Amino acid sequence: MSISRRTLLRNTAALGAFAGAGFPHVWIKNADLAHATGGEIKVGVLFSLTGTTAIIEESLNKATLLAIEEINAAGGIKGSKIVPIVEDPASDPATFSEKARKLVVGDKCVSVFGSYTSASRKAVLPVFERQNNLYWYPTLYEGRECSKNVIYTGAVPNQQQDEFVPWLINKFGKKFYLIGSNYIYPKEENNYCKKLLEKHGGEVAAEEYVPLGHSEFSSVINKIRATQPNVIFSTVVGDSVVALHRQYRAAGLDPEKMPMASLTTSENEVAAMGGDAAAGHFTSAPYFMVYKSPENEKFVEAYKKRWGADKVTHFVSEACYFQVHLFRQAVEKLATSDLTPPNIRDAVKGQETIAPQGKVRIEPENLHTWLWPKIAQAKSNGQFEILVEAKDWLKPVPYAAYPGQVCTDKGLVVEKS
Amino acid sequence: MDQFIEQIITGLSIGSILLLVAMGLSIIYGSMGIINLAHGEFVMLGAYAAWMFHTYLGLGLLASLVPIFLVVAAFGWVIERYVLSLLNNRPLDTILATWGVGIMLQQAVRLMVGSELRYVQLPPALSDSMDVFGQSVSSYRVFLFVVAMALFAATWLLMNRTTVGMKLRAIIQDRSVAASFGINAKRVYALTFAYGAGLAGLAGALVSPLKSVSPDMGTGYVVDAFMVVVLGGVQSLAGTVASAFVLGELSGAIAFLQNDTVAKAIVLLAIVVLIRFRPEGLFTARVRA
Numbered sequence: 240m241s242i243s244r245r246t247l248l249r250n251t252a253a254l255g256a257f258a259g260a261g262f263p264h265v266w267i268k269n270a271d272l273a274h275a276t277g278g279e280i281k282v283g284v285l286f287s288l289t290g291t292t293a294i295i296e297e298s299l300n301k302a303t304l305l306a307i308e309e310i311n312a313a314g315g316i317k318g319s320k321i322v323p324i325v326e327d328p329a330s331d332p333a334t335f336s337e338k339a340r341k342l343v344v345g346d347k348c349v350s351v352f353g354s355y356t357s358a359s360r361k362a363v364l365p366v367f368e369r370q371n372n373l374y375w376y377p378t379l380y381e382g383r384e385c386s387k388n389v390i391y392t393g394a395v396p397n398q399q400q401d402e403f404v405p406w407l408i409n410k411f412g413k414k415f416y417l418i419g420s421n422y423i424y425p426k427e428e429n430n431y432c433k434k435l436l437e438k439h440g441g442e443v444a445a446e447e448y449v450p451l452g453h454s455e456f457s458s459v460i461n462k463i464r465a466t467q468p469n470v471i472f473s474t475v476v477g478d479s480v481v482a483l484h485r486q487y488r489a490a491g492l493d494p495e496k497m498p499m500a501s502l503t504t505s506e507n508e509v510a511a512m513g514g515d516a517a518a519g520h521f522t523s524a525p526y527f528m529v530y531k532s533p534e535n536e537k538f539v540e541a542y543k544k545r546w547g548a549d550k551v552t553h554f555v556s557e558a559c560y561f562q563v564h565l566f567r568q569a570v571e572k573l574a575t576s577d578l579t580p581p582n583i584r585d586a587v588k589g590q591e592t593i594a595p596q597g598k599v600r601i602e603p604e605n606l607h608t609w610l611w612p613k614i615a616q617a618k619s620n621g622q623f624e625i626l627v628e629a630k631d632w633l634k635p636v637p638y639a640a641y642p643g644q645v646c647t648d649k650g651l652v653v654e655k656s
Numbered sequence: 004m005d006q007f008i009e010q011i012i013t014g015l016s017i018g019s020i021l022l023l024v025a026m027g028l029s030i031i032y033g034s035m036g037i038i039n040l041a042h043g044e045f046v047m048l049g050a051y052a053a054w055m056f057h058t059y060l061g062l063g064l065l066a067s068l069v070p071i072f073l074v075v076a077a078f079g080w081v082i083e084r085y086v087l088s089l090l091n092n093r094p095l096d097t098i099l100a101t102w103g104v105g106i107m108l109q110q111a112v113r114l115m116v117g118s119e120l121r122y123v124q125l126p127p128a129l130s131d132s133m134d135v136f137g138q139s140v141s142s143y144r145v146f147l148f149v150v151a152m153a154l155f156a157a158t159w160l161l162m163n164r165t166t167v168g169m170k171l172r173a174i175i176q177d178r179s180v181a182a183s184f185g186i187n188a189k190r191v192y193a194l195t196f197a198y199g200a201g202l203a204g205l206a207g208a209l210v211s212p213l214k215s216v217s218p219d220m221g222t223g224y225v226v227d228a229f230m231v232v233v234l235g236g237v238q239s240l241a242g243t244v245a246s247a248f249v250l251g252e253l254s255g256a257i258a259f260l261q262n263d264t265v266a267k268a269i270v271l272l273a274i275v276v277l278i279r280f281r282p283e284g285l286f287t288a289r290v291r292a
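If you read the sequences in order, they're chains A and B.
All letters in the first sequence, in the order written, are residues 240 to 656 by my numbering.
All letters in the second sequence, in the order written, are residues 4 to 292 by my numbering.
Simulated from the structure, these hints should not be mistaken for lab results.
Remember, predicted model here, so these are calculated numbers, not experimental data.
Glycine residues also receive a C-beta, built at the ideal position from the N, C-alpha and C atoms.
You may find that some hints are simply not true.
So the derived label-pair ranges between C-beta atoms look like this [said to hold, decoys possible]:
id, chain 1, residue 1, chain 2, residue 2, range
1, B, TYR59, A, LYS410, 35 to 45 Å
2, B, ALA66, A, ILE593, 46 to 56 Å
3, A, GLY412, B, ILE269, 30 to 40 Å
4, B, THR287, A, ARG340, 47 to 57 Å
5, A, LYS410, B, ILE269, 32 to 42 Å
The task is simple: from the sequences and hints, build the whole structure.
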């Protein structure tokens, strides 16, 4: 009997390994590229293809590979092909760190594109700082970080909230119910939101955090009914977003009177919860799939052609896409012999490119990105309608909630008050 | 007062979802003594079945409930027949085996339909809210409560008023004596496991309009289900019902007064303390060793 148990275990392990390798089309594609003749520029692609956040990171992997393929199809960078080395960190911070080390030390990649969660970014940070390599992080995040080894192409709190919060107060009222998942990102966003509320005469009805992966919101909805806020300010993430929206809808609450205002609900989340549950709620982000620009039309078309007509692009996958193009521009400035991560970092400072959302620029001081804030309302067809577009791009201020702290190219400077 | 009634109703609703999810486990763990770690995956299969029936066949949720029960029960039957019974249903071996089966089911779903989150449409007839004791309550949540009670009644009748139920109870009392009276223990075990799996599948389908559907959704449910069954007392179906509603009211109330993070911690702590002083759970059915 013990033999059959062992056989079973072995089979389980084999299946696990097979599943871990997953998504064969990605791998076959890479195998082709690996045989490219001439010069090669090796980069790492580090998004989870299995585990809890695979749901979203898979789309980031796809957007990154699309940009790399486009560049290679156009002749590469000064004749050299970009060779992506795809690793699957399985949604586990420890594995992220291990795979990052493999990509940087073992494969000698000159840059790595990766991470969705802050936890995974924090896990790989020591690797990149010790090896003086370069990590490209596409996700909106809570700010309050100032590394010389990370290029941040997602929004920081000031870029999502500076316009959004006053706009919400004007349109719906000053009473905000803050709800988020229980970890660092929602807490930092809410810190900044509370500052803005104070500045613009708003008030906090309640501030509440639910466990990650939480899916029972009936008590929260009772509390919302009891406090009657004007706006539900949501930084709930993952499956919880879907549960919150669907239960809000089932409880018969009305988005016209008490909308949810989110920093995290993208086309991806809307597709997961269904347009009927999302309709009427608001999101602030630099990019929406419906945004009208020639660059975006090209991006959406290429993405659908490569990965399937039912696929959506969203504000994180857009950043994945344009950051690879920024990488290309930086490498173009360098001689082949100078191709090291610190040189790429210096070359990308102040670089501009026309991204699908508009013209973006890497801020030389803090390596974050100038972006174009937008406010949009979800529609029942699963897309957004953009209601407000910023007149000007907005400077990234990663320490906006912490007066006296500034991220500079010398590192974090704390002014004594 | 209004808020109090509202909160009691919320607790009943949370409790009915817990009961739906735990009932299948209560049968399998309680009666057969199998610690079925793949229980969450049966819930997940049910939710995906609901999604597939809707997406590919255009069937509404209510119309697909019976087929979903049958499909997931068939899965359960196959797993009992070709994995668990070959291990003679020994507890330690089956923990490992069901855990492995769970991983395989998760990855199989991931490979076949992808890892995107899915959702299931609320049945249109139940998408409004209705009036219960002067409170506006989501009709679908009321429906879940009614279904949970109906399934409990059906399960109780099955266990206590049918021949299969009687045979199962005989096997639980003493397997070898039951066998010597001509009861086919293997067959009864397979049927019981299939029934438990089918119930889990139904639970998955029923909660899917309120929650999200993803390949790893089962993990949370299996923990909840074990808490309910352990607190209620193994082998006691009525205990499962009582403990589901106790846990529902308790976590709902603490979540309202404090928040969900605190509720989760306190509820877990309360169970640990209770098990320390009453290892057999709230209710016990007397069984000959």
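Hint numbers not upheld by this structure, sorted from lowest to highest: As far as the earlier hints go, not one is violated by this structure.
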